[in-house]
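Just so you know, the sequences run in chain order A and B.
The first sequence begins at 0 in numbering that gives the first Met the number 0 and counts up one residue at a time.
The second sequence begins at 0 in numbering that gives the first Met the number 0 and counts up one residue at a time.
A few of these clues could be false.
As the list claims (entries may be wrong) - Estimated spans, in silico, between C-beta atoms of each pair:
| no. | chain 1 | residue 1 | chain 2 | residue 2 | range |
| --- | --- | --- | --- | --- | --- |
| 1 | B | S589 | A | A100 | 42 to 48 Å |
| 2 | B | S89 | A | Q24 | 56 to 62 Å |
| 3 | B | A235 | A | Q82 | 53 to 59 Å |
| 4 | B | G562 | A | E30 | 42 to 48 Å |
Simulated from the structure, these hints should not be mistaken for laboratory data.
All C-beta atoms in this analysis are idealised placements derived from N, C-alpha and C, irrespective of residue type, glycine included.
For reference, the chains in residue letters:
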Amino acid sequence: MNVTEPYIIFELAGASYGVRSQEVQHIELLEHVTPVPNTAPSVEGVVFSRGNVVPALNLRTRFGLPRAAHTQSTRLIFLKVQQRLVALVVDSAREFRAIPADSIKPVEETLHGIQGNYVKGVATVKDRLVLLLDISAVLDREEIDAAASLTAESPATVPANA
Amino acid sequence: MSDDAPPELQPELLDDFYTECDELMGHIRAHLDVLALRLGSPADYREALASLYRSVHSFKGICSIVGLRPAEQLAHAAEEVLRRLSSGESAPTAETFNLIGRSAHRLEQIVACHRLKQPQPEIADLLEPLLAADGRASRPPDATTPSSTESESAAGPPADVSPLVAHSEASLWHATFSPSAELTQRGVNVTSIRERLSVLGTIRSAAPTVRGDGSMSFEFILAVHEPPAAIDAWLADGVVLSPTVPVSDGRGGGGDYNTAGPNFSIAPSHIVRVDLGRLDHLMRIMGEMVIHRSRLEERIAQLPGDRSALQEVNLGLGRSLKELRAAITRVRLVPVAEIFSRLPFVVRDLARETGKKVRLVLEGRETEIDKFLVERLKEPLLHLVRNAVSHGVESPAERVAAGKPEEAILSIRASAVGHAVVIRIRDDGRGIDPRSIALRAAALGIALPETPSAGDILAVLCRPGFSTREEADLTSGRGVGMSVVHTTVRELGGMLSLDSAAGTFTQFTLRLPLTLSIADMVIVIAGAQTCAVPQSFIEEIVQFEEEQVRSVKHVEVIPYRDGVLPLVRLSRVLGTKPRTHVRIPALVISSERGSAALVVDRVVAQREVVVRPMSDPLLHVRGVSGATELGDGRPVLILDAAALTAGVVRPHTAEKSKPWIENAKPAS
Numbered sequence: 000m001n002v003t004e005p006y007i008i009f010e011l012a013g014a015s016y017g018v019r020s021q022e023v024q025h026i027e028l029l030e031h032v033t034p035v036p037n038t039a040p041s042v043e044g045v046v047f048s049r050g051n052v053v054p055a056l057n058l059r060t061r062f063g064l065p066r067a068a069h070t071q072s073t074r075l076i077f078l079k080v081q082q083r084l085v086a087l088v089v090d091s092a093r094e095f096r097a098i099p100a101d102s103i104k105p106v107e108e109t110l111h112g113i114q115g116n117y118v119k120g121v122a123t124v125k126d127r128l129v130l131l132l133d134i135s136a137v138l139d140r141e142e143i144d145a146a147a148s149l150t151a152e153s154p155a156t157v158p159a160n161a
Numbered sequence: 000m001s002d003d004a005p006p007e008l009q010p011e012l013l014d015d016f017y018t019e020c021d022e023l024m025g026h027i028r029a030h031l032d033v034l035a036l037r038l039g040s041p042a043d044y045r046e047a048l049a050s051l052y053r054s055v056h057s058f059k060g061i062c063s064i065v066g067l068r069p070a071e072q073l074a075h076a077a078e079e080v081l082r083r084l085s086s087g088e089s090a091p092t093a094e095t096f097n098l099i100g101r102s103a104h105r106l107e108q109i110v111a112c113h114r115l116k117q118p119q120p121e122i123a124d125l126l127e128p129l130l131a132a133d134g135r136a137s138r139p140p141d142a143t144t145p146s147s148t149e150s151e152s153a154a155g156p157p158a159d160v161s162p163l164v165a166h167s168e169a170s171l172w173h174a175t176f177s178p179s180a181e182l183t184q185r186g187v188n189v190t191s192i193r194e195r196l197s198v199l200g201t202i203r204s205a206a207p208t209v210r211g212d213g214s215m216s217f218e219f220i221l222a223v224h225e226p227p228a229a230i231d232a233w234l235a236d237g238v239v240l241s242p243t244v245p246v247s248d249g250r251g252g253g254g255d256y257n258t259a260g261p262n263f264s265i266a267p268s269h270i271v272r273v274d275l276g277r278l279d280h281l282m283r284i285m286g287e288m289v290i291h292r293s294r295l296e297e298r299i300a301q302l303p304g305d306r307s308a309l310q311e312v313n314l315g316l317g318r319s320l321k322e323l324r325a326a327i328t329r330v331r332l333v334p335v336a337e338i339f340s341r342l343p344f345v346v347r348d349l350a351r352e353t354g355k356k357v358r359l360v361l362e363g364r365e366t367e368i369d370k371f372l373v374e375r376l377k378e379p380l381l382h383l384v385r386n387a388v389s390h391g392v393e394s395p396a397e398r399v400a401a402g403k404p405e406e407a408i409l410s411i412r413a414s415a416v417g418h419a420v421v422i423r424i425r426d427d428g429r430g431i432d433p434r435s436i437a438l439r440a441a442a443l444g445i446a447l448p449e450t451p452s453a454g455d456i457l458a459v460l461c462r463p464g465f466s467t468r469e470e471a472d473l474t475s476g477r478g479v480g481m482s483v484v485h486t487t488v489r490e491l492g493g494m495l496s497l498d499s500a501a502g503t504f505t506q507f508t509l510r511l512p513l514t515l516s517i518a519d520m521v522i523v524i525a526g527a528q529t530c531a532v533p534q535s536f537i538e539e540i541v542q543f544e545e546e547q548v549r550s551v552k553h554v555e556v557i558p559y560r561d562g563v564l565p566l567v568r569l570s571r572v573l574g575t576k577p578r579t580h581v582r583i584p585a586l587v588i589s590s591e592r593g594s595a596a597l598v599v600d601r602v603v604a605q606r607e608v609v610v611r612p613m614s615d616p617l618l619h620v621r622g623v624s625g626a627t628e629l630g631d632g633r634p635v636l637i638l639d640a641a642a643l644t645a646g647v648v649r650p651h652t653a654e655k656s657k658p659w660i661e662n663a664k665p666a667s
């Protein structure tokens with residue numbers, strides 16, 4: 000039996016990633032993000048989406064990759080997972096592709112780095128490797144806070160927390 | 000056989016089912032109130048018993064339709080017990096009502112779990128005593144075959160209970176007095192009405208109410224032996240008398256206290272039940288209109304030439320929008336009775352468990368508050384009430400030793416104050432001893448000032464993990480409660496405050512906005528960022544000069560009135576670069592945690608904005624409570640004044656006497 004599932008494929012620091020299109024609400028150009036004090040470094044700020052305040056999570060920072068300036072191709076991918084609405088800031092996103100289940104392989108040991116924990120499988124699409132993300136792990140607040148303490152970037156703080 | 004609803008059942012039908020369950024449960028609780036607290040005459044009692052029986056029966060019926068078997072079984076067992084009580088076959092005991100009360104609570108849980116698609120709670124622990132109370136080897140509906148016979152009876156009461164109509168020895172009457180200028184001129188006021196009513200019968204309760212339109216009225220409940228004559232004469236004096244039992248089912252119509260007659264089973268046909276989601280949608284559209292209008296205003300201001308005609312239209316539109324907003328807000332309001340109704344049971348059960356004597360006094364049940372807020376207030380209020388009984392109130396022996404009456408009084412009062420609702424929970428128990436709090440705080444590494452203010456104590460109580468009890472008990476003292484109460488109240492844009500005297504009383508006050516969604520804000524700019532500050536927290540806007548700033552124990556302060564105010568520089572909070580000014584504008588903000596001067600670069604405007612909550616866990620941060628937009632689609636952060644004022648260390652009072660303060664110029 001060969002089941003296929005549609006994925007949205009995006010680029011981040013030269014690698015390809017996939018999220019299940021079922022979890023994607025829409026994709027937008029990145030115009031303005033309002034920074035929010037005291038959030039984890041990977042939370043770039045908030046954007047509006049249909050009246051909702053949505054956190055914009057910079058996936059580069061989240062994965063411990065070097066930051067990059069926003070360009071024309073920078074995209075916001077709005078995800079709806081477990082009642083939450085979160086936007087991912089990614090380098091670019093263009094592709095929509097059905098990936099057959101049998102072309103998805105489990106993650107190899109060698110891939111287990113910071114990113115490895117969030118990758119639930121690797122698919123080969125046209126000779127290209129696509130890392131399929133486990134979105135709930137990517138969005139987990141405790142994980143994000145833990146990652147923040149690893150990268151040790153100091154966020155703005157409210158003065159003199161008594 | 001599955002416990003779940005048959006898969007073909009439409010989701011809309013299920014929604015109706017849940018609404019119906021809520022409504023019936025409201026009735027069941029109200030009747031239980033009457034029965035368990037022995038309000039009213041024997042006739043009222045019988046009537047309540049019969050109504051309770053009908054409600055439980057209907058509940059069983061609808062549960063059977065959706066195939067919710069455990070609820071059906073449990074309701075059936077409870078119904079049998081009630082049937083025997085109302086037919087006089089068995090005598091009522093406090094134990095029985097306690098059992099029925101617990102069953103009602105379990106039924107509610109089962110429905111809630113069904114709604115959330117969670118595993119349902121067990122019923123065996125209640126089923127057995129119910130069957131035992133029923134006295135004979137009873138016949139719960141067979142668990143393996145659906146009882147189709149039950150389903151058709153859901154619509155009406157069973158035939159065998161109707162003849163329980165009673166003649167009253169004393170009956171409860173409901174009187175509403177609406178004062179007016181004309182009446183006052185004739186010397187008719189609430190005092191004179193109260194006197195005249197007390198001639199008629201015994202006044203059981205009296206409470207002022209603010210109606211949806213802002214007018215005031217007084218609600219009396221009195222027990223009379225003879226039906227009052229000359230109702231018309233009363234009417235001429237602004238008093239409406241009706242022979243009713245007040246129901247705390249919280250489904251009052253357009254702003255009035257629900258006074259359904261003794262027979263609750265039929266809702267008046269002019270009431271429309273609306274899903275809260277639809278009202279939210281309406282409010283959202285309304286919010287967008289507010290934004291469009293502010294854009295329009297900006298555009299008009301940019302037009303060349305004579306703009307007065309357009310401005311007039313714009314102002315008219317603004318007024319209509321304000322009215323529309325008020326009207327939508329009113330539709331969303333429900334009486335707080337909805338959360339009050341279960342408190343008597345909680346208090347009674349807890350008092351029994353802890354061996355304490357507590358009298359619960361509920362006031363202002365009819366005070367109205369946004370439905371959304373009511374839902375979210377349930378837990379915090381329950382927590383405060385449990386705390387009051389298990390921690391605040393002393394044991395009867397302790398009370399007597401302290402020269403107090405054995406029975407403690409726990410009073411909960413809701414009232415409307417302007418655009419806010421204030422709920423006060425007060426017990427006359429042992430109060431909060433600052434020294435023991437300070438000791439506990441020190442053990443956790445928190446330093447308290449030598450003479451901590453109520454605000455300091457509250458801040459400590461609300462810290463996650465703080466508990467004054469050494470061991471956690473079942474009902475309270477797990478050390479998470481107060482922090483949850485505080486967080487919830489803050490998320491709702493409200494304030495929590497504490498007042499207490501050791502040995503005398505403890506009082507918590509919740510102040511909440513009447514409704515969420517739209518609020519008045521002052522828009523400020525700091526560095527590159529625009530922010531909004533809720534106007535309700537702003538005392539005034541001042542200007543001062545940089546050279547007036549002093550540093551006290553590493554905290555910047557400016558002279559303000561007779562003392563000093565700590566400075567909070569918004570640009571620093573936001574991590575942006577401030578502009579330099581000769582004169583610095585600042586908002587004096589104050590909350591239950593203290594006051595501070597919020598330094599900004601520029602105060603831009605005062606605006607009515609649509610508040611969008613920041614609900615994602617990634618955004619649960621100190622200092623920011625939500626976001627809004629001002630017409631360009633960009634999120635503007637709404638600052639949490641309470642957190643900003645709590646973040647600064649208040650300079651010690653002794654510092655006030657330092658000479659530089661006396662020489663300093665007062666801030667203008």
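Comparing the hints with the structure gives:
1. S589(B) - A100(A): 42 to 48 Å: Roughly 60 Å apart at Cβ, these two residues miss the hinted range, so it is violated.
2. S89(B) - Q24(A): 56 to 62 Å: holds (59 Å)
3. A235(B) - Q82(A): 53 to 59 Å: Hint holds: Cβ distance 57 Å, inside 53 to 59 Å.
4. G562(B) - E30(A): 42 to 48 Å: Distance hint for G562(B), E30(A) holds at roughly 46 Å.
In summary, the one numbered hint that this structure violates is 1.
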